[in-house]
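Number of protein chains: 2
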Amino acid sequence: MSRHEPKGIRQEQFLDVVSRDEAEARFSRHLKLEPLGEEMVGLGECRGRVLARDVAARVDVPGFDRSNVDGFAVRAEDLVGARPDAPRRLALSGELLTPGVRPTRELKPGAATPIATGGMIPRGADAVVMIETTDPVGDAAVDVRQAIASGAAISSTGSDIAAGETVLRRGVVLASRDIALLAAIGESAVAVFRKPRVAILSTGDELVAPGAPIRPGQVFDSNGPMLAAAVAELGCAAIPLGIVGDDFQRMADMIDSALAAADVVLLSGGTSKGAGDVAYRAVERFSDPGVVVHGVALKPGKPLCLAVTQGKPVVILPGFPTSATFTFHEFVAPALRAFAGLPPLRRATRSARLPVKLKSEYGRTTYTLVSLAESADGGLVAYPMGKGSGAVTEFSLADGFFATPPGVEAVPAGAEVSVTLIGRAREPADLMMIGSHCVGLDMLISRLAREGLNVKVLSVGSTANATSPASI
Amino acid sequence: MSRHEPKGIRQEQFLDVVSRDEAEARFSRHLKLEPLGEEMVGLGECRGRVLARDVAARVDVPGFDRSNVDGFAVRAEDLVGARPDAPRRLALSGELLTPGVRPTRELKPGAATPIATGGMIPRGADAVVMIETTDPVGDAAVDVRQAIASGAAISSTGSDIAAGETVLRRGVVLASRDIALLAAIGESAVAVFRKPRVAILSTGDELVAPGAPIRPGQVFDSNGPMLAAAVAELGCAAIPLGIVGDDFQRMADMIDSALAAADVVLLSGGTSKGAGDVAYRAVERFSDPGVVVHGVALKPGKPLCLAVTQGKPVVILPGFPTSATFTFHEFVAPALRAFAGLPPLRRATRSARLPVKLKSEYGRTTYTLVSLAESADGGLVAYPMGKGSGAVTEFSLADGFFATPPGVEAVPAGAEVSVTLIGRAREPADLMMIGSHCVGLDMLISRLAREGLNVKVLSVGSTANATSPASI
Chain R
0 MSRHEPKGIR QEQFLDVVSR DEAEARFSRH LKLEPLGEEM VGLGECRGRV LARDVAARVD
60 VPGFDRSNVD GFAVRAEDLV GARPDAPRRL ALSGELLTPG VRPTRELKPG AATPIATGGM
120 IPRGADAVVM IETTDPVGDA AVDVRQAIAS GAAISSTGSD IAAGETVLRR GVVLASRDIA
180 LLAAIGESAV AVFRKPRVAI LSTGDELVAP GAPIRPGQVF DSNGPMLAAA VAELGCAAIP
240 LGIVGDDFQR MADMIDSALA AADVVLLSGG TSKGAGDVAY RAVERFSDPG VVVHGVALKP
300 GKPLCLAVTQ GKPVVILPGF PTSATFTFHE FVAPALRAFA GLPPLRRATR SARLPVKLKS
360 EYGRTTYTLV SLAESADGGL VAYPMGKGSG AVTEFSLADG FFATPPGVEA VPAGAEVSVT
420 LIGRAREPAD LMMIGSHCVG LDMLISRLAR EGLNVKVLSV GSTANATSPA SI
Chain Z
0 MSRHEPKGIR QEQFLDVVSR DEAEARFSRH LKLEPLGEEM VGLGECRGRV LARDVAARVD
60 VPGFDRSNVD GFAVRAEDLV GARPDAPRRL ALSGELLTPG VRPTRELKPG AATPIATGGM
120 IPRGADAVVM IETTDPVGDA AVDVRQAIAS GAAISSTGSD IAAGETVLRR GVVLASRDIA
180 LLAAIGESAV AVFRKPRVAI LSTGDELVAP GAPIRPGQVF DSNGPMLAAA VAELGCAAIP
240 LGIVGDDFQR MADMIDSALA AADVVLLSGG TSKGAGDVAY RAVERFSDPG VVVHGVALKP
300 GKPLCLAVTQ GKPVVILPGF PTSATFTFHE FVAPALRAFA GLPPLRRATR SARLPVKLKS
360 EYGRTTYTLV SLAESADGGL VAYPMGKGSG AVTEFSLADG FFATPPGVEA VPAGAEVSVT
420 LIGRAREPAD LMMIGSHCVG LDMLISRLAR EGLNVKVLSV GSTANATSPA SI
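Line by line, the protein sequences give chains R and Z. Mapping the first sequence onto numbering that gives the first Met the number 0, position 328 (from 1) lands on 327, and the numbers just tick up by one. Mapping the second sequence onto numbering that gives the first Met the number 0, position 273 (from 1) lands on 272, and the numbers just tick up by one.
Some hints here could point you the wrong way.
Stated by the list, open to error - Taking lysine to any residue pairs in the SDA-like style, the calculated list, with each CA pair at most 20 Å apart, reads:
hint	chain 1	residue 1	chain 2	residue 2
1	R	K298	Z	E408
2	R	K298	R	E408
3	R	K107	R	D84
4	R	K358	Z	M129
5	R	K356	R	A409
6	R	K298	R	E23
7	Z	K298	R	R280
8	Z	K311	Z	H29
9	R	K298	Z	M129
10	R	K298	Z	N67
11	Z	K358	Z	P288
12	Z	K298	R	M129
13	Z	K311	Z	E131
14	Z	K107	Z	G93
15	R	K298	R	R19
16	R	K358	Z	A152
17	R	K311	R	G289
18	R	K107	R	P86
19	R	K358	R	S417
20	Z	K358	R	M129
21	Z	K356	Z	E408
22	Z	K31	Z	G289
23	R	K298	R	D138
24	R	K31	R	A334
25	Z	K31	Z	R196
26	Z	K31	Z	P288
27	R	K311	R	R28
28	Z	K298	Z	R19
29	R	K358	R	A412
30	Z	K358	R	A152
31	R	K311	R	A24
32	R	K298	Z	G93
33	R	K358	Z	R196
34	R	K358	Z	P288
35	R	K298	R	S18
36	R	K358	Z	G289
37	R	K298	Z	A152
38	R	K107	R	R57
FYI, nobody ran anything at the bench for these hints, they're computed from the structure. These numbers were taken from a predicted model, which means no experiment stands behind them.
Looking at chain R on its own, in the form it has when it is part of the complex (with noise of 0.2 Å):
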């Protein structure tokens, strides 16, 4: 530290950097992985929200014995030896049970009540006959062809939930088939588990909102809209704080606003080793515990700042958009889903080659962002999206990524990976093309994509022949 550096172009002097799982387990030590809290939402709110109870019906469903037919309740014994030569005759009631009506009398043995699909059955039936083997007999009887058994044509009260019944379980995210028996059971609002409300705020002089003007050597903002989708994305409330500048005061100001509003701090950039120290000095403050890693051995997202105070993680991540969402994914979005009520991620894995030798950094978990596509011999061939941390591309257009662990300082082509896919599952592409951004291709490839042929371009550029179909 007492190396004279030019001001703002500090190297790391505030990394201590420790392993993934160091700095997982030490986040995590600090931090109560658990929902927070719950609340009432009605029938028509709950979609997508996390069930924070047991839901047991209070009713028993159907609620009463329900004719699943259309036809007549009858005393099955009245229909003993019933044949299509040997009707029985059955006197009507004079009921007429559709569905709502609550039978008024009980059936008499010898007698019948017309019911439809859905009616409830009267006393002293025990099955019903379909409409089909019965015969009219003017207004006041009906020849009924054939036996029947006790039961037959009849769902018995509770049949398809018990009162009692516990129909869904703590912990489900409601869809429309729970909805449906919440529904049935009676249910109008339900216990879900509150949305964490996480705050999000980029942080850099170069910072610029999307759709406003941009000068030379500034940015637009991708990480703050990108964590605001993300956190939705994890059952929880966005609170988007936009961009601040590089000065002390106001970003401490907003981190301390974001903390009273909210239960999870997301800062993104100014963790670089370069000039940004500023939200970490601004995140220094703490001390209950604060701070608790800063510093990963990982590639991307080494310069992750993980604090927690009054019980809430405060994270600083790298402000490069892949190295930002890595970490993320990482470190983050664990602690949002357990807050949310979610159970942990299990992430889909799909073996591939790599068609290129790949350096990896020895001392660093190594995550290579690829794309895949399907080989000759039917496999996968997974392609290193090649544009590094700072492209948005690299983790936007990818399919997955593979961990190289420390201490290893190559990958050879023709390895086998254990990729992990992210996003929406991309089936592996029908065309794949790999080379300089072509604007006349893009109007070739929309034209293939609405015709359902499934295109991925890697624009790496005409010097990235590390990635040519040819080395494949």
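Starting from the structure of chain R, add chain Z where the hints point.
Just chain Z now, with coordinates in the frame of chain R:
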């Protein structure tokens, strides 16, 4: 039709049953299966929406040649031959290029400008040396211990995204990483397909809204809340219209106002061969073309009614919950996806063994809902839910279904069936309970579920020996 029938217990007088495929063909022949329009939405509101147009970048990303490291912007040719034991000394230019700062001077030969990660490369410079390979010499110069290639540690203008490049294509459901791309190219709003508006009306004198008091013979409306949520799951806006009784004029008025407000009108109930033909008569009024299908050779789902008026689908789904859900997913969901701009759904299937013999309906495509468990040999076993289309749990708790074509009387025990998965991808059960419902077991299962065990319960009642574990 000349037979005498008790009022309200008609036989299938309206039904003119057609095959599943014929029903689909007749329905889609009268529909324009494409998005209904587009609208602009802000970046903060576009998550989950469907992109209506290809988006091409109007700017380069990065918008300038950018440093990827902390160090010094240099001319690579000035460092030819630099080694640790023979460093080159460069004069500091006097500028400091932190992110967002626009360089004011051209870099002269023999000079270096301190630059931070994300800083803009000054004219004249063609590479950045990392600070780790340098030593300061007072305030005015720096020694560089390493030679460097032209372009090193620089991301050149447009290397991430080139102006004119198509970054996202029409039809993408926007997720966080797509939003990152849009933000990075400075777009603050985006054209998405308008959400189809779907009016939902439950019909039947027996229906009661969840939460309201219920009398014997009445049932809670589960189709209305289920359909509102299912429609939202398909990217549509539900217009819940509640419950209407079997009153022709009120029903007709409701349908007319629904048609004025919505793009699609969904009724449920009222197509039963029982009393509820009021909805059918209210839809039968239309003749442009009006009803195109009434009755499909499906089990469940036979009484489905498909109509089109003013170019808008008007569908009467069967009242039984499972029949309503099935016919919704088979006939309505594909149309809603097309109106919303979503691609056809590709449903995942799993092969499983049927543990019991199963009767099929000879004249109809029969769908059997199943719960999946792993068998001793590692394969999957598909247990029929066994509750029938009147049960809400039949569909809501199933893992999937398989179809038996018309012309089959029974599927033998041990047969391999192809199960189409539904709802959230459920894992095969670790433990499956089949039998009568038991409140004590419920408590045990909730405990096991919290400990991460996947337990499924088929409360089929004590008489349901057809699906008892003994018959696996």
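Do the hints match the structure? See the list:
1. R:K298 with Z:E408: Violated, because 61 Å separates the two Cα atoms, which is more than 20 Å.
2. R:K298 with R:E408: Cα-Cα ~13 Å, so holds.
3. R:K107 with R:D84: 25 Å, violated
4. R:K358 with Z:M129: Roughly 19 Å between the alpha carbons, so the hint for R:K358 and Z:M129 holds.
5. R:K356 with R:A409: 7 Å, holds
6. R:K298 with R:E23: 16 Å, holds
7. Z:K298 with R:R280: Cα-Cα ~67 Å, so violated.
8. Z:K311 with Z:H29: 9 Å, holds
9. R:K298 with Z:M129: At roughly 17 Å apart (the allowed maximum being 20 Å), Z:M129 and R:K298 satisfy the hint.
10. R:K298 with Z:N67: Status holds; Cα separation ~14 Å.
11. Z:K358 with Z:P288: 37 Å, violated
12. Z:K298 with R:M129: 17 Å, holds
13. Z:K311 with Z:E131: Violated. Z:K311 to Z:E131 sits at ~68 Å, over the 20 Å cutoff.
14. Z:K107 with Z:G93: 12 Å, holds
15. R:K298 with R:R19: 10 Å, holds
16. R:K358 with Z:A152: 16 Å, holds
17. R:K311 with R:G289: OK: R:K311 and R:G289 at ~10 Å, within 20 Å.
18. R:K107 with R:P86: OK: R:K107 and R:P86 at ~19 Å, within 20 Å.
19. R:K358 with R:S417: Since the Cα atoms of R:K358 and R:S417 sit roughly 17 Å apart, the hinted pair holds (cutoff 20 Å).
20. Z:K358 with R:M129: 19 Å, holds
21. Z:K356 with Z:E408: This hinted pair holds, its Cα atoms lying about 11 Å apart.
22. Z:K31 with Z:G289: 15 Å, holds
23. R:K298 with R:D138: Violated, at about 85 Å.
24. R:K31 with R:A334: 9 Å, holds
25. Z:K31 with Z:R196: 15 Å, holds
26. Z:K31 with Z:P288: 14 Å, holds
27. R:K311 with R:R28: Answer holds: R:K311 to R:R28 is near 12 Å, not above 20 Å.
28. Z:K298 with Z:R19: 10 Å, holds
29. R:K358 with R:A412: 10 Å, holds
30. Z:K358 with R:A152: Measuring from Cα to Cα gives roughly 16 Å; hence the hint holds.
31. R:K311 with R:A24: 16 Å, holds
32. R:K298 with Z:G93: Given pair R:K298, Z:G93 is violated - Cα atoms ~33 Å apart, limit 20 Å.
33. R:K358 with Z:R196: 52 Å, violated
34. R:K358 with Z:P288: 66 Å, violated
35. R:K298 with R:S18: Roughly 11 Å between the alpha carbons, so the hint for R:K298 and R:S18 holds.
36. R:K358 with Z:G289: Cα-Cα ~66 Å, so violated.
37. R:K298 with Z:A152: 16 Å, holds
38. R:K107 with R:R57: Since the Cα atoms of R:K107 and R:R57 sit roughly 33 Å apart, the hinted pair is violated (cutoff 20 Å).
Hints 1, 3, 7, 11, 13, 23, 32, 33, 34, 36 and 38, counting from the list given before, are not met by this structure.
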